[in-house]
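Visitor: The whole structure should be built from the sequences, with the hints applied where relevant.
2 protein chains.
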Amino acid sequence: MTQDTPHLVVVGAGFGGLELVARLAGAPLRITIIDQRNHHLFQPLLYQVATTSLATSEIAWPIRHLVHRRKDVVTLLGAVVGVDAVERKVLLEDGGAVDFDFLALATGARHAYFGHDEWEPFAPGLKTLEDATDIRRRILLAFEHAERESDAERRAALLTFVIIGAGPTGVELAGTIVELAHETIRDDFRHFDPRATRVVLIEAGQRILPGFAEDLALYAHRALERLGVEIELGRAVSQCSADGVLFGETTLAAKTILWAAGVQASAAAQWLAAPTDRAGRILVAPDLSVPGHDNIFALGDTVSIAAPDGRPVPGIAPAAKQQGTYVAAIIRARLAGAPSPGPFRYRHAGSLATIGKRAAIIDFGWIKLRGRIAWWMWGVAHIYFLIGLRNRLSVAMSWLWIYLSGQRSARLITQGPEEERR
Amino acid sequence: MTQDTPHLVVVGAGFGGLELVARLAGAPLRITIIDQRNHHLFQPLLYQVATTSLATSEIAWPIRHLVHRRKDVVTLLGAVVGVDAVERKVLLEDGGAVDFDFLALATGARHAYFGHDEWEPFAPGLKTLEDATDIRRRILLAFEHAERESDAERRAALLTFVIIGAGPTGVELAGTIVELAHETIRDDFRHFDPRATRVVLIEAGQRILPGFAEDLALYAHRALERLGVEIELGRAVSQCSADGVLFGETTLAAKTILWAAGVQASAAAQWLAAPTDRAGRILVAPDLSVPGHDNIFALGDTVSIAAPDGRPVPGIAPAAKQQGTYVAAIIRARLAGAPSPGPFRYRHAGSLATIGKRAAIIDFGWIKLRGRIAWWMWGVAHIYFLIGLRNRLSVAMSWLWIYLSGQRSARLITQGPEEERR
Numbered sequence: 005m006t007q008d009t010p011h012l013v014v015v016g017a018g019f020g021g022l023e024l025v026a027r028l029a030g031a032p033l034r035i036t037i038i039d040q041r042n043h044h045l046f047q048p049l050l051y052q053v054a055t056t057s058l059a060t061s062e063i064a065w066p067i068r069h070l071v072h073r074r075k076d077v078v079t080l081l082g083a084v085v086g087v088d089a090v091e092r093k094v095l096l097e098d099g100g101a102v103d104f105d106f107l108a109l110a111t112g113a114r115h116a117y118f119g120h121d122e123w124e125p126f127a128p129g130l131k132t133l134e135d136a137t138d139i140r141r142r143i144l145l146a147f148e149h150a151e152r153e154s155d156a157e158r159r160a161a162l163l164t165f166v167i168i169g170a171g172p173t174g175v176e177l178a179g180t181i182v183e184l185a186h187e188t189i190r191d192d193f194r195h196f197d198p199r200a201t202r203v204v205l206i207e208a209g210q211r212i213l214p215g216f217a218e219d220l221a222l223y224a225h226r227a228l229e230r231l232g233v234e235i236e237l238g239r240a241v242s243q244c245s246a247d248g249v250l251f252g253e254t255t256l257a258a259k260t261i262l263w264a265a266g267v268q269a270s271a272a273a274q275w276l277a278a279p280t281d282r283a284g285r286i287l288v289a290p291d292l293s294v295p296g297h298d299n300i301f302a303l304g305d306t307v308s309i310a311a312p313d314g315r316p317v318p319g320i321a322p323a324a325k326q327q328g329t330y331v332a333a334i335i336r337a338r339l340a341g342a343p344s345p346g347p348f349r350y351r352h353a354g355s356l357a358t359i360g361k362r363a364a365i366i367d368f369g370w371i372k373l374r375g376r377i378a379w380w381m382w383g384v385a386h387i388y389f390l391i392g393l394r395n396r397l398s399v400a401m402s403w404l405w406i407y408l409s410g411q412r413s414a415r416l417i418t419q420g421p422e423e424e425r426r
Numbered sequence: 005m006t007q008d009t010p011h012l013v014v015v016g017a018g019f020g021g022l023e024l025v026a027r028l029a030g031a032p033l034r035i036t037i038i039d040q041r042n043h044h045l046f047q048p049l050l051y052q053v054a055t056t057s058l059a060t061s062e063i064a065w066p067i068r069h070l071v072h073r074r075k076d077v078v079t080l081l082g083a084v085v086g087v088d089a090v091e092r093k094v095l096l097e098d099g100g101a102v103d104f105d106f107l108a109l110a111t112g113a114r115h116a117y118f119g120h121d122e123w124e125p126f127a128p129g130l131k132t133l134e135d136a137t138d139i140r141r142r143i144l145l146a147f148e149h150a151e152r153e154s155d156a157e158r159r160a161a162l163l164t165f166v167i168i169g170a171g172p173t174g175v176e177l178a179g180t181i182v183e184l185a186h187e188t189i190r191d192d193f194r195h196f197d198p199r200a201t202r203v204v205l206i207e208a209g210q211r212i213l214p215g216f217a218e219d220l221a222l223y224a225h226r227a228l229e230r231l232g233v234e235i236e237l238g239r240a241v242s243q244c245s246a247d248g249v250l251f252g253e254t255t256l257a258a259k260t261i262l263w264a265a266g267v268q269a270s271a272a273a274q275w276l277a278a279p280t281d282r283a284g285r286i287l288v289a290p291d292l293s294v295p296g297h298d299n300i301f302a303l304g305d306t307v308s309i310a311a312p313d314g315r316p317v318p319g320i321a322p323a324a325k326q327q328g329t330y331v332a333a334i335i336r337a338r339l340a341g342a343p344s345p346g347p348f349r350y351r352h353a354g355s356l357a358t359i360g361k362r363a364a365i366i367d368f369g370w371i372k373l374r375g376r377i378a379w380w381m382w383g384v385a386h387i388y389f390l391i392g393l394r395n396r397l398s399v400a401m402s403w404l405w406i407y408l409s410g411q412r413s414a415r416l417i418t419q420g421p422e423e424e425r426r
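Those protein sequence lines, which keep their order, are chains A and B. All residue numbers for the first sequence refer to the numbering used here, where the first residue is 5 and numbers rise by one. All residue numbers for the second sequence refer to the numbering used here, where the first residue is 5 and numbers rise by one.
Watch out, some of these pointers could steer you wrong.
Said to hold, decoys possible - Using 20 angstroms as the maximum straight-line C-alpha spacing, the simulated SDA-like pairs for lysine to any residue come out as follows:
| # | chain 1 | residue 1 | chain 2 | residue 2 |
| --- | --- | --- | --- | --- |
| 1 | B | K75 | A | A200 |
| 2 | A | K361 | A | S154 |
| 3 | A | K75 | B | D197 |
| 4 | B | K75 | A | K361 |
Said to hold, decoys possible - Here are some chain A residues the structure puts well away from chain B; computed CB gaps all over 12 angstroms:
| # | residue |
| --- | --- |
| 5 | L70 |
| 6 | D121 |
| 7 | Q210 |
| 8 | D219 |
| 9 | L276 |
| 10 | N299 |
| 11 | F368 |
Everything labelled a hint here was simulated from the structure, so no lab data went into it. Just so you know, these numbers come straight off a predicted model, no measurement behind them. Beta carbons: idealized from backbone N, C-alpha and C, even for Gly.
Guide: Now the structure itself:
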């Protein structure tokens with residue numbers, strides 16, 4: 005392999021980027037991975053870090069270690085701020101530049117506030133490990149402050165947790181927080197009863213889990229209510245502050261608000277002035293190339309593309325991985341001078357969501373599962389998809405412990421400004 | 005138990021404070037624990053978090069959960085800023101106050117720079133979980149930056165790690181960092197060889213580990229050198245900056261400097277205008293009461309007191325626990341109207357330090373152990389002293405994994421300002 009070997013730059017080491025790199029093992033390529041974090045994050049379990057069930061290191065791995073056996077791969081920690089498509093250079097924040105022959109943009113998404121960015125300080129979203137430890141700190145501090153609050157009304161606001169948005173993340177956060185309050189910390193306080201904690205899930209639509217079949221969503225709705233979650237449908241939140249939320253005509257006093265309502269793609273489209281949908285996702289060609297740039301591909305949460313059934317490909321890990329596999333095949337064909345494979349076709353394997361630690365729903369399309377058996381399948385599947393035996397063992401043990409004892413082991417208030425930790 | 009029941013306030017839930025509370029189970033007392041953190045920290049293993057071997061949640065537990073079965077104990081998260089000894093009130097930062105009949109100050113210590121506080125940004129010390137994740141970030145970022153550095157001299161500075169102070173913490177940091185560089189990340193980089201990493205342990209005194217017998221310290225010295233640590237004795241550091249250190253006439257270019265050279269007691273002495281030693285530790289009476297306040301006790305790193313052999317009681321967990329046990333006995337005697345036990349007498353059980361993952365030294369006084377057998381004893385002892393089966397299992401698994409594979413699972417760069425993470 006020499007400097008003349010074609011060079012692929014992959015920006016972003018999420019599910020899509022890493023799958024692409026894995027599928028190119030042995031190809032006549034040099035590969036550089038650039039990410040602004042040193043770790044790949046298993047986002048499907050991030051809500052478990054935010055709710056004290058898992059430690060940060062159980063769902064994150066150093067990117068460079070994941071590819072340490074691949075001598076054809078260089079990993080760089082750095083923030084990309086632009087692409088020079090003419091000169092074929094990726095531009096880095098620190099002024100550096102990296103040449104490419106092929107470029108793959110797998111830069112993911114952030115949460116979005118639909119024009120209300122001023123809500124972010126009051127209603128943090130969940131995309132990074134820092135988001136998760138921030139949310140964990142807020143949840144735990146609310147209980148700590150409640151223990152010292154003598155005013156009943158203020159204490160009630162401290163013990164009210166609002167989750168905005170009832171997709172899988174909102175549902176999973178709500179189910180876990182109510183279990184944390186009603187079970188894990190049940191005996192830990194002296195001045196209030198944690199079972200008085202209210203968890204309110206607010207959804208603007210007419211039902212929770214719009215991506216799931218209606219009967220499954222209804223089952224999840226009832227299961228959440230049985231756990232103790234209050235569900236408010238059909239009214240959008242129109243105000244968020246340090247004191248609570250306004251939805252419809254209802255004001256709800258709540259000191260902790262979590263945002264699970266919407267995402268916005270990263271800035272990748274702007275680097276190439278590419279056409280996007282409303283969420284900033286690149287409207288890619290059928291072969292996942294960026295229009296006008298046949299050597300630049302985009303994948304995962306960065307792109308907007310339709311599935312064969314006409315519905316949008318969902319922003320989930322299996323979709324990103326399929327796109328990584330597909331782009332690898334395109335690049336291999338190009339390198340070999342072979343004809344390109346046909347257009348990308350998404351195959352939906354299924355949708356999953358958990359409700360607390362005893363129930364889940366799985367929608368495979370051809371079969372629907374729910375309840376305890378679905379929860380076990382969900383657990384086994386997630387342990388299987390974790391990277392490395394070490395993490396599988398560790399997460400399995402953490403879950404077994406929670407399952408048997410109700411105790412969660414990562415109840416740490418850390419990493420805020422000094423005055424925010426107490 | 006009524007409001008007339010005497011009230012003990014314990015400030016600080018470290019080893020001393022928690023032992024005191026544990027030993028007072030069943031006593032006719034109300035107890036309030038106040039700590040500015042929500043977690044008790046197992047400080048002897050903090051260096052393992054700083055060096056990516058353990059996750060934060062493996063060595064920290066929510067204080068209130070540790071005492072959740074004790075209905076006589078209230079736990080408050082809060083920062084104490086003063087004591088009104090006449091009115092018998094503990095004053096909190098947020099303006100609150102807590103009445104007491106008995107008060108125990110177990111507020112610990114911070115690292116100290118001997119009049120050079122301006123060194124702190126360049127040479128962080130290790131006392132809290134945040135310190136540990138900060139040091140972890142610095143160590144991992146140095147390697148990341150080295151991967152992108154083309155200038156040989158600057159790269160060498162990035163790959164030079166200086167540890168100032170060769171007590172147990174300095175020795176343990178040095179041994180683990182050199183293993184991390186030479187073993188764990190050996191195959192992870194493409195533009196430099198991690199085995200070129202230099203770890204330099206600088207000690208002003210004439211030998212490392214002054215608290216240990218000379219032959220054991222000499223063994224540790226040789227074991228560290230075999231691992232690859234460079235040891236510099238007899239010259240104090242006189243300058244610290246972002247570029248490196250000056251010790252004696254030697255300038256050493258180093259981008260990562262860690263401080264393990266000295267501690268300063270917390271502000272507790274100032275709250276009572278109590279007499280202190282040079283490190284700010286209260287010169288307590290033989291019964292650990294603060295002079296002039298027979299209902300106020302101090303323990304752990306907050307106090308300065310001599311052992312029966314005339315040497316100072318060391319600032320280690322067993323000493324703090326013995327003091328907790330002793331103060332509990334004093335308070336029980338007072339409550340019962342019985343005569344006080346005699347003065348506090350420290351019994352030194354032994355000193356331990358590890359050198360990397362295969363050797364340790366243990367100085368019991370009557371017997372001295374070193375090498376692999378000492379390392380296993382150290383490991384078993386620390387797992388035994390961890391709190392709770394869950395953490396024992398988890399840490400045992402983490403260590404077994406490191407021992408067998410050399411891989412460390414908490415290699416995360418997190419929690420710095422956004423621009424510092426890359």
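Visitor: Please flag the earlier hints that this structure goes against, numbers listed from lowest up.
Guide: As far as the earlier hints go, 2, 4 and 5 are violated by this structure, in ascending order.
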